[in-house]
Structure formats: structure tokens, C-alpha cells
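Chains as they are written, first to last, in the numbering used here: chain A, 9 to 469; chain B, 9 to 469; chain C, 9 to 469.
Just so you know, the hints here were simulated from the structure itself, not pulled from any lab data.
Just to be clear, a hint being listed does not mean it is correct.
If several chains are the same, the list does not tell them apart, and a pair holds so long as it fits within one copy or across any two.
[Unchecked claim] In silico lysine-lysine, DSS-like type, Cα no more than 25 Å apart, as pairs:
id : residue 1 : residue 2
1  : K452      : K412
2  : K393      : K299
3  : K117      : K293
4  : K393      : K68
5  : K341      : K393
6  : K117      : K393
7  : K393      : K452
8  : K240      : K209
9  : K341      : K452
10 : K240      : K117
11 : K293      : K412
12 : K452      : K117
Treat the numbers as computed from the prediction; the structure is a model and nothing was measured.
Here's the letter readout for the chains.
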Amino acid sequence: MNKIPSNIMALASNTSNKRETVCIFGTGDFGRALGHKLIQSGYPVVFGSRSTQTSGLIPKDAEVLNHAEAAQKAAIIIIAIQRQHYNFLAPLADILHGKILVDISNNLKINQYPESNAEYLAQIVPGAKIVKAFNTVSAWALQSGTLDASRQVFVCGNDMGAKQMVMDIVRALSLTPLDQGSLLAAQEIENYPLQLFPMWKFPILLSLGLTIFFFFYCLIRDVIYPYVYENKNFSFFLAISIPNRICPILALILLALVYLPGVLSAIIQLYRGTKYRRFPDWLDKWMLCRKQLGLVALAFASLHVLYTLVIPIRSFVRWRISTYIVSQALNNKTEPLDTTNAWLSDSYLALGILGFFFFVLLGITSLPSVSNNVNWREFRFVQSKLGYLTLLLCTAHTLVYGGKWFLSPTSYRWYLPSAYMLSLIVPCIVLVVKFVLILPCLDKPLTQIRQGWERNPRYSE
Amino acid sequence: MNKIPSNIMALASNTSNKRETVCIFGTGDFGRALGHKLIQSGYPVVFGSRSTQTSGLIPKDAEVLNHAEAAQKAAIIIIAIQRQHYNFLAPLADILHGKILVDISNNLKINQYPESNAEYLAQIVPGAKIVKAFNTVSAWALQSGTLDASRQVFVCGNDMGAKQMVMDIVRALSLTPLDQGSLLAAQEIENYPLQLFPMWKFPILLSLGLTIFFFFYCLIRDVIYPYVYENKNFSFFLAISIPNRICPILALILLALVYLPGVLSAIIQLYRGTKYRRFPDWLDKWMLCRKQLGLVALAFASLHVLYTLVIPIRSFVRWRISTYIVSQALNNKTEPLDTTNAWLSDSYLALGILGFFFFVLLGITSLPSVSNNVNWREFRFVQSKLGYLTLLLCTAHTLVYGGKWFLSPTSYRWYLPSAYMLSLIVPCIVLVVKFVLILPCLDKPLTQIRQGWERNPRYSE
Amino acid sequence: MNKIPSNIMALASNTSNKRETVCIFGTGDFGRALGHKLIQSGYPVVFGSRSTQTSGLIPKDAEVLNHAEAAQKAAIIIIAIQRQHYNFLAPLADILHGKILVDISNNLKINQYPESNAEYLAQIVPGAKIVKAFNTVSAWALQSGTLDASRQVFVCGNDMGAKQMVMDIVRALSLTPLDQGSLLAAQEIENYPLQLFPMWKFPILLSLGLTIFFFFYCLIRDVIYPYVYENKNFSFFLAISIPNRICPILALILLALVYLPGVLSAIIQLYRGTKYRRFPDWLDKWMLCRKQLGLVALAFASLHVLYTLVIPIRSFVRWRISTYIVSQALNNKTEPLDTTNAWLSDSYLALGILGFFFFVLLGITSLPSVSNNVNWREFRFVQSKLGYLTLLLCTAHTLVYGGKWFLSPTSYRWYLPSAYMLSLIVPCIVLVVKFVLILPCLDKPLTQIRQGWERNPRYSE
């Protein structure tokens, strides 16, 4: 026990300019790429390989030895071998005793094995200090030097000194080590690179479904109906007019869906009279993807803003306006200013601008670097107070948009109401229920429940 | 002294898959919520409580014992008790000797006590290793699993090993531990969750005051005056036209106020001939909230851009344009292109666009993750050079906006000049003084003073 | 050897509220500024100086002694002296043995000396524990308390305990310490504050050159040509019309240049049949500044959007439209809706909006805090798939913009084609080559090569 610390001490202190030798077990693609990079960064590298012949691809400055010899040359051994072949390390246990073994492996599926590869390695070579690292870096990126992506390397391990030495190597390769604690974190670190936006799947599928529905809805009302009844070809509405109907509708519905689960959970808690029972699974999942739902809603809102702002440049709009003005001139009359119209048009735009402004504020606050700099109280203030304000402004924007024609029977085509009216259902429900929940007679018991009070304590037993 | 390290070593090494028992003192809301979460994450939990009867709400997999028994079962004890009751721990000092005590308490006011709760705990149980953690997480968020907010848990403590073990628990709960150093940091960590945007108060109050002032100013000039003298109802100007006057004015004034304290401090230093005397308090405070002032200014500028871009969609503007064109057609005349007007209009818009563009660049650079990636020299370059360029462009934009009517007497109503003219005062002063300060005869002594030179060394004694 | 750890232990444990004395060698500007700040934060400070007389500027609460006496009073000594004078420390080696020496020096040029200043200090005083820190903070910022810039202090050193103590001091001064590992990192830490956006130089110079070229190109075609042939004064085009031609052109070309090196490297690898040979230097450098190229392109695209959206507010455009409408009215005719034109105009705008939308998404993903939160697979998806989609949309936007007049001979002036046509060359090449590379007959061998396969293994020897 006494020899190992002094060993590390020796390695750590003679770092003046000479770097310690690193051993790599395995001459596969990742092993070679890492070897190249280590040599470039000034580390002597020795490869451990079953056959020392197949060395054509191995960097020329590296030595190739058999596993036992290679292991003896270095204090740090990088295991660039697949998990299935870890067994061959068992006979080397004596040589590997006290060495730092770096597990860099990845799996093909999330939670493929009951324990992480690094913990499995620790079971096979119990005397070694296992450190998990490098699994989030791709061989191709390492080789080509084009590490545009995250330079973060998650590192975990039970031995502080060993972890520290591996983190120094990570830094020497111009990567950023992130200490994730003990080897317990290895499972999560191994799952990490296999994910592809897992939290975004539901919001994106949902918005895709809604987009398709509203696309056909608007197609029928705005293109097919005028073609059938008035024989007008408005097919070019497909490019801007219809997207500009779908986008605000989706933005509003998705934004309301961000706040619906909060309202539902309050109702459930009030009904149950306790906070100590789990919500149904679907509600839990829904709550966890609220941020993503909100950001997709913001994306649709931004598109809506862009589509709206180009309206005056559109060739069709210019034609319509000029036709209208010419007809006025030919009829020799000037219409007076309709103040009601001016009010409706201006306040509808103003509500939309303010709603979008607060929506963007919400989006900026959800950037990781910003949300990490606010405390819980500030975050609640922004996401709850500003969030409801945004929802209120956007709902009001949509209501005023209808203006005088709102609910008028002439706006029905084939018994279909305007699409924007459908979009108002969910936000109005959320706002009304939220308003009811704010009333003192409901807010007080809810606050008590959330502070741990129970109406019927036996429930939780 | 020898037993404790080996104890920790033992705990740290057998982490293969079994997690060490955690003891929680106190069965209040936060203690229970943390207990639930720990059990979910695979930790055996034992509660220490005065009465072992009141256990209805306690998670069923947890044991409830009296404090002494519970403490003996675990190496880590979470103190989920209010500071006022810490005294009861004094008799347990022997049992707690060498244990890791995690202080999770918060206060109701900033700097409520002379020393932090964690340091107070260290005084009461001197033999224990105190670690401050978890105080930034809310019980409700922990319980409901909806940790949308910052997952950061600030951790501090004098014992590295103890801190490491607490940080492992934090990570196991899917939170992000942030090592804040020794227990000295506890005071700041305890103050953190009590803040509500402290740096934003002054900028927001200031802009609110200015908004109200300019609102009534514009109301008088643009709505009441035409109503009184021309009997025109322009009340709908309240929705867009007047906000679109207030926003650019506030953006310009606030942006100038960002650069005014720098100019003032330079004058003070030149006058005093030394940098070794403190600025007046109000100047210090002003300097510290410059970033927030600038971001509020950017918010107003963004609103101004949106309000301006919707102009052509406004019903009132369409009516005005069509009336103008119809009257031209009826009078059978076409006006020729006025090149001066075209120049003024285009350059005013171009200056505004460029000003806004650099303003947004400044805003992006002040995002925490971006400003952390630039060094001091780069930050100075962006905030100083680009900042003054932005101020210059925005001031020029406002000057050209006035165009031919700038300073013309016909633009006065009730002796009130246009509102935008008031907004030019501060920025023009800042730019002129800054220009004077750049002159070599002033820049040279100023640079010397900032490098530590003193005109009159006796001053600082 | 045994005494030192106990020494540190003692210092670390008595941190209750009293702070340990800090010694500063050198009474220059930075030393004094740091001294002031340390005293403010509650640290007793003692200065070590050759002459104890020149003490007028030194903070009054600090003691000034000769070096040997000062060093004995503290465990931490900050060396605020220039590297050239480090020699004088050699005779003090005995006194400094076991002390923590903090190297805060900077150089005037990048890589000025073969070894870093901190490593040089370690050679002169081999018995001391050297820690590099504070070099990224400016004296002026420290003094004035206006640390708007990055508060990050990079810390490195071989002794963990020493590093920890220095990091505690950093935190006490309200700065954020960042552990950069062993003393090997000192060189990079010393180079860091000397940089001024090194990665941005090439993209900015390139875009400047292209801007100048296209400016004169458009000037000739759009201002000089009509002046010469039609005697029209369109000089005001300089403010908006010409910038709004240059911006989209540069955005498109620069975006294509982001993806060109990837395509080139694929061709080189296919030709060579291996990935184990370095690319030419210019290609490596090009690849490393792709992110910056893309962000500059995004800046131009944003300007293009702003310039385009103000079109309907421009005085010239209003004049042109009203003249056109009046002439229609006077000729007593109304043009029917041209559906083809409506389609072209709408789809051109829609393509532009979608292209810009995905471009902004790409930009947001490249924010450090966002890209740190996605894994390699997600980053590749966004930057590669979304990137090519953006390039495709923007290229299509430009192609449709030409509309019916695309390639028509009447659009040539002085044999010069429209500027936007020049901008299509690079993106079209990139897209065509990329499309060819996606074909299975090329994609399969390329994937194999990138996984380490070699067509001709002897190559790499």
C-alpha cells in the first residue's frame, strides 16, 4: 500500500518537461488514433498487442510489444479493446496491480449490460485503479484534429490521484476533462454518446403531427374551397400564406402544452390532498420535456414573425394593394380612416410583438449558461410569471386577430371554422384553470400541500 | 487521526455497486424529499428523529431511529434542521466525531447571522467534517423530479475527501456539484438562493421611470395636441406609434448611460492624478450594473426594430399611403424622385441596421458562456471599441432621422421639441467627452495613471 | 517531507474565520493592486521589497519587509516580479523551501521563452510548490472592481494542496478559479491573455476582401452603368441596395466555404486510400476555422434579413410603388394577378426564411454552452445534416431569386453578369460534389477508410 502513492508522487513531480510513457492495449482504430495524438502531444507511447507483426498502421514513433512487456513500461494503460475481450486481462492481473487502467469503451445500445464496462473491468482486474475516460471523443475527430464538437471528456474513477493523472493527459490533448466523480458514474458516461436528442423526440413528433393536420385543414379552406367555388388558383399560398397560418397556431398550442401539465399536477394534488404520491407516468414524462416543447414553440413563433414581416414584399400582396388603390382612384373616392380598424390592427400587432419579445426572453433564459447563473427563485420567476404573461399576450394576440369577424358565421367554409380558432382551445383552458387556481380558496391549500401538508395522512403509508 | 482516512478509503473503494448508507437528521419537508430521492437513487437511508412515531410521511424504505443510533449507521449525516435547533447536536459531539455533516440550511434574509450556518455548525461539532451543500435546491423540485431550473449544487468544505463524497451523492441524484472551495464560501452560498436579480433592480427602475416620463411626453405631443388643435382622434397611436417612440429613446439613453461612468471615472482620475483613491459609491455601483443597463437597452432596441418592421402592415399606414396615392392619381400628377430624401431615408435606415447589428453582437458577447471564452484583451476590444461604435452609429441614426426638419421650429408643439431630440443629449455628451479624452494630451497622462503613476504621491498616504 | 503536509493541514483547518497571511514579492502595479484587493477580502498582506522605503503607494494596512523576512511570515508568496528578475530568488531557496510560490507573470509575445515562466521559476526554486494563477486578470480591473470581463482565473500546479489553497484565495476575491492540471499547462495559460481572436483573423480578412470586390462590382453595375447610359443618379444605393446585394452573396459564399474543406478532405482520402496521412497545412488550418467562417456568414445573413425587411419603409421604394400605381390609374387599367410571379416571389421568400431559420439554429448550437451539452453524435447531426440543408435552401433561394431572368442575356451590363450569379459558383460545386460523394459506390469505401481501413497499407510506413 505504501509503494503506490510514492510511485504516483514520483510521476507527478517529474513533470518539468518530460512526459510519462503511456501504454495502449489494442491496435484498433481508436487505439491508433489516440496513439498518434499522444505522440504529437509529446508522450512516449508503447502499444500492447497480441501479435507485434501487424504494425503497418501503427504510428512510427511508438513501440509495439506484447501486453505484459508493454504494461511494465508505463503507469497508465489505456484499454482500447472491446468489452468482450476484457477476459484476457485476468492473467495479467499481477502486472496490472497498482496501475491506472483507462477504460475508453462504448457500447452499441443504451444499458446493454447490467454493469458499466468500467465496473466490469474493475471486477476482472481488482488490483488496478480504473478510470473511465475518452469514450465521448470520436477516433475520426481525434485523428483529423477537427474537434469542432464538444471537447468535453467525462472522467470518473475511485482513485483521486489516478483520475488527476488521466485528466492531465486529457488537457495535454487540448480536450476539457470533466470530473464526474466515482466509478458509479461510468454507466451514465457510457450511455451518453449513444443518445440522439432523446428529450426532443416527443415534442418534434407532436409538432409534426399537428403540422400535417393543420396543413390539410388550411389547404382545404384556403386553396381547395376558393378553387371549387370561385375557380381561383391560390396554389401559391402553399409557400407562405399557409405556413404562416400553421406556424402561429403551433406556437400557441405548444406553448399552452408547456403550462398544461403544471395545471394538471396542481389539480391532481388538490384532489389527492398530498404531494407524496407519484404522478401518472405520462404526466411525469410530459413535465420533463416542457423545456423542449417551449423551444419548439419558440421556433414556430420565430418563423411566424419572419413570414409576417415579408408580407409587404410579396408580389401577390403588392398586386392586391395596387389593384385596390387603382380601383379607388378609378371610382374617384377616398375612404376615410376607420379608427376602430386602426385600433384593432395596431393592438393585435402590439400584442404579438410583446408576446414574441417575452417568448424570446424565456428562450434566452433557458440557454444552459444563462439558467446556470440564476438561482431557483429567479428561474421560477422567469419561467412561471413571464411564461404565463407570454401565454396571455399570445392568446390575446390571436383573439384580437379575429377582430370583428371573430365567431361570425361568414368565416365558416364547409362548416370549418378558421384554423386560428382551433388553436385557441388549449390556451384558453389553461389560462382559465390557472386563473381559478390562483383564487385564494384553492391557492392556500395547494401551497400547504406543496410544503408537505397532507389532508389524509394515511394515504402515504 | 489515523482511523478516519482509512474509514473514508474503505467507503470510497467498495463503491462497486452498493451505495453507502446516508443518515438524515430531521423529518421535515426537505429531509423527507431528499430521503425519497436518495432511496430512488439506490442509497439506504436512515432518519434520525426525536420521536420515532411521527413517521407517517416518511418514505417506507427508510429506517427511523433516534439521533444517536441513526448517526452510528452512516458516515454521512445530512442536517435537515433549522439553525436555531443546532444546539441539540452538541451532546452528540462524540458520536459525530469524524463524521461528515452536510449543512443544507438556508436563511430568511441575506447575511442574517454574523457567520454562516455551516460555520456555526462547525463550531458546535468541532470534530466533524462540515460540508455545505443542497441549499440551492428546492424540496418541491426534488420531489416532483421537475428540475428544469439550474441543477447546480454549490458544495464547500475544508475536508477534500468529505467534499468528494458529498459531490458523488449530488451526482447520483442527477444534479451538478460545483466545488466552491473551503467553508469560507458558505456565507455566499447561503445568500445565493435569497437573491432576486439584485443587479437588475436599478436598470429596471430607471428604465421604468424614463418610460413613464416619455410616455406622457409623447402622449401630449402626438395624441392630445392633434386632438385639441386638429380634432383628430389618434388614440390608437398608444398601441404602436408611441411605444415605437419610447423604445428607441430609452435604448439610446440607456446605452449612453453604460459608457458615461467610464468617462466620468477617467475625468476623476485625471483630476485627482491617481488611481489609488476609491470612486464615490454611486459611481462604483453604477459601474457594476453596466452590463444589465446595456442588456435592458438592447431589449428596448429589439422592440424598436420589431415595431418599425411591422409599420407597412399597419392598417393606418396602408390607409395613409393609399389615400396619398389616390390623391396623386386624382390630381393627375406624378412626383419625381427626390434624391436627397432617398439618401436621408436610406442612410438613416442603414445606420440603424448597423447599430442594431453591433448591439446584438455586444449582447451575444455578454452571454456567460461566450464571455468566459474570451480573454481580457478580447473582452475589452468588444465592449469598448465595438461598444463606442454602436453608440456612435445609434446616435448618428437618430440625428439623421430628424433629417431636414432637425431643429426646425415647426416641429415644436406647445414649445416641446420632438422626444427624440431629448434622447440625444446624453449620448452626444458621452461621445464628445470620449473624443476629448482620446486626444494624446489627455490620453497619455490617463494611461500613466492607470498603470500606477501618481501626479502627487503624497495623496495616497 | 513529513512536515509539509501537516503544515498545509494546519492552514486548511483553521480557516474558521481568520485568513492566512499572504506575502507579495514586488511592489509594482499588479502587486499593489492585488494587495489592495486581498486586504479588502480580509487577508493580512505583507510585501517583500528590496527597499522598504518606497512605500508611498503601498496599501496602508500592509507591512513592508525585505524579501527574506516577508517570506517567513506566510505560506503563500505571490511573485509579482518580471521573469528577468527571477534569479534573485535563488539565494532565498532555503527560506522558500516548502512554500507555495504563485507565478502571476505574463510575457509580451506568445511562446517568448522555451519554457513557461512558472516552469522557469520551478527550476530556480526547486524546493517550492509552484502554482500558476492570476495572469489573466488585469491590475486595472482588479483595482477598480469593475470585473465585467471573464472572472476566470486559470490555475495550474503539481501540488494538489497548494493549488487548492490558491484557488481558495481566488474565490475569496470573487473570481472563478479553473483548475488546468499540472504545471505543464502553464505555457498555454501564459499565452492565453496575449491572443486577440486568433481564429477570426482569416475569416474576417477573407470576408473583407470579398466585400471590397463585390462592392466595386455592384457599384459599376448598379450605380455607374445607369449614370453613364441613362443619366440616373442612384448614388443612394450605396446605403442599402448595394449592402443588401453584398451581404447575401458573402453569406452564401462563406457558408459554402465552411463545407468545402470537408468535401476536399473526402476526395483526398478517397484518392490516397488512407486516413493516416496528414492533410496539407492549408486544409488543416481551413478546417479549424470553419466555425468562425460559419458565424461570419451568419452575421452577413442576418444583415441581409434586416436590409430586406426595411425595403417597404424606404422612401425610394415607396416612391417607385406609388409612381407605378398612379401610372396604372392614369392609364385606366388593372393588371391581372400573375400566378407564376406570385409563385416565384413567394417560394423565393419562403426558401430564404427557412434557410435563415436553420442557419440561426446552427449558430445557436455553436454557442459554447449549447455545444457542450450535446454529444458528438448530436453535434454531427446538427452541423452536418442541418448544415447541408441550410446550404441547399440558401442556394435554392438564390437560384429562384433570379426567376425568369436567370441566365437571360438582358441582365448583363458591360458583359458583367448579376453579382448574385457569381455567388452561386462555390455552393453549387460543393453541393454537386457532396451529392456525388453520397452515392453508395463512393460512400462505402470512404466510410471504410474513415474507420481505419487502408487501400494500400504500405503507404503509411
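task: Sort out which numbered hints this structure fails and list those numbers smallest first.
output: Checked against the structure, the hints that fail are numbers 1, 4, 5, 8, 9, 10 and 11, while the rest are satisfied.
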